[in-house]
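Enquirer: Work out the full structure, taking the sequences as your base and the hints as a guide.
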Amino acid sequence: METLLTAFQLPDLESRFQARIDAEDKIEPKDWMPEEYRKTLIRQISQHAHSEVVGMLPEGNWVTRAPSLKRKAVLLAKIQDEAGHGLYLYSACETLGVSRDQLIDELHSGKAKYSSIFNYPTLNWADIGAIGWLVDGAAIMNQIPLCRASFGPYSRAMIRVCKEESFHQRQGYEIMLTLSKGSKEQKAMAQDALNRWWWPSLMMFGPSDQDSKHSAQSMKWKIKRFSNDELRQRFVDMTVPQAELIGLKVPDDQLKWNEERRSYDFGEIPWDEFWNVVNGNGPCNKKRLADRVNAHNEGKWVREAAEAFAKKQAQRTDSKLKSN
Amino acid sequence: MWPLFEIFIRAKNGLDHKHVGSLHAADAQMAIENARDVYTRRLEGVSIWVVESKHITASDPKDADPFFKPAEDKIYRHPTFYDLPDEVKHM
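Residue numbers (my numbering), protein chains in the order written: chain A, 6 to 329; chain B, 331 to 421.
Keep in mind that a hint or two might mislead.
Here are the simulated lysine-lysine pairs, DSBU-like style, with alpha carbons at most 30 Å apart [stated by the list, open to error]:
(1) A:Lys31 - B:Lys384
(2) A:Lys317 - B:Lys404
(3) A:Lys44 - B:Lys384
(4) A:Lys31 - B:Lys404
(5) A:Lys44 - B:Lys404
(6) B:Lys392 - A:Lys35
(7) B:Lys404 - A:Lys35
(8) A:Lys327 - A:Lys316
(9) A:Lys118 - A:Lys186
(10) A:Lys227 - B:Lys392
(11) A:Lys327 - B:Lys384
(12) A:Lys31 - B:Lys348
So the derived label-pair ranges between C-beta atoms look like this [stated by the list, open to error]:
(13) B:Leu345 - A:Lys325: 17 to 23 Å
(14) B:Val376 - A:Asp258: 52 to 58 Å
(15) B:Arg372 - A:Gly65: 38 to 44 Å
(16) A:Gln215 - B:Glu363: 46 to 52 Å
(17) A:Ser328 - B:Ser383: 51 to 57 Å
(18) B:Leu345 - A:Asp27: 48 to 54 Å
(19) B:Ala388 - A:Gly187: 52 to 58 Å
(20) B:Ile386 - A:Arg175: 36 to 42 Å
(21) B:Glu363 - A:Asp234: 43 to 49 Å
(22) A:Asp242 - B:Asp416: 52 to 58 Å
According to the in silico footprint, chain A covers these stretches of chain B (three or more CB under 8 Å from chain A) [as the list claims (entries may be wrong)]:
(23) 339-347
(24) 406-416
Worth flagging that the hints you see were computed from the coordinates, not collected in a lab. Computed from a predicted structure; not experimentally measured. Note that beta-carbon positions come from the ideal geometry of N, C-alpha and C, so glycine has one too.
Expert: Here it is as structure tokens:
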């Protein structure tokens, strides 16, 4: 179809497309869309799906060592949610004409990115609390505006994700709350986890607005609704009082309430570290990818067996129908 | 790759099954079991339908205008089209 479009039709289609976006109409998979819109969505949704899947790894590290059966059940439920979120997003992505195998290949070959936050290690139990509170908190901040993204399947997937995500953040904060009311050592664990996860969490919102190469177009297409810096500021404003409430100190000497802006001023984000991790040199990049590839390869015989079984069942049903 | 299935869930008895998303599975039985794990972890459903995506035939969005527009000027199909005196009750 694309090849039949003349040079006269294309600008017309594009302006009609933009008019629909401006009118807050949702775009569905079979509707005409600019190739760049499709590519941008495939990149963003697949990165998002990969992040959900890789995000299970740092948490999986603590399943067998959770401090109680209750905490273990909760952690398992949360990890299972992440798998589900990955699936909603992969499905949304596939409606754009890309196959699941292709998406998985791109993750495993290192071509596709996932959120850098998951390239940090989970060193103690409090890290599970910090991840739920800060990492899921930052994710929610990013995801709520995505519920209104212009692409229907993405928006519907995000609505589903957001409904489930709030339990993740609350359980994380509750872990931090419990530790902060515990022994001196337990409180120190919570503070240590906050110290290590604070800056990487702020980096989750992506580069500063002036360095964000895809932002302007994504805003025009209403995939994105707020800039990286706006969302980061909101996250800081929301989170600092939560830290204070449980007696923890945000590790930023320049953090200060600005009465005029009705917001917190905060220190410079260590962008060198950010780019270093994005470019593959974070503490766990290699391990995460290797674990992911391993899990996929080790599951190969299960996928093949299920397929063989399904084929055999179908044949049996066929021959039964014939003999009747 | 396993085929793609579309998943429909009845939230509670008395309601329609509603499309909730899709997933890959080796066969329909597995699609139902996986749909249970993916889409009803919080009691979102009492019944699941699955259908292989390739069996769904959809209207073409390019023809949406001529296809649906004919209903637009038939406002006499709505009860509000008819002007009746206020005294008429139960109608």
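Enquirer: For a quick check of understanding: which of the numbered hints are violated here, in increasing order?
Expert: As far as the earlier hints go, 2, 5, 9, 13, 15, 17, 18, 23, 24 are violated by this structure, in ascending order.
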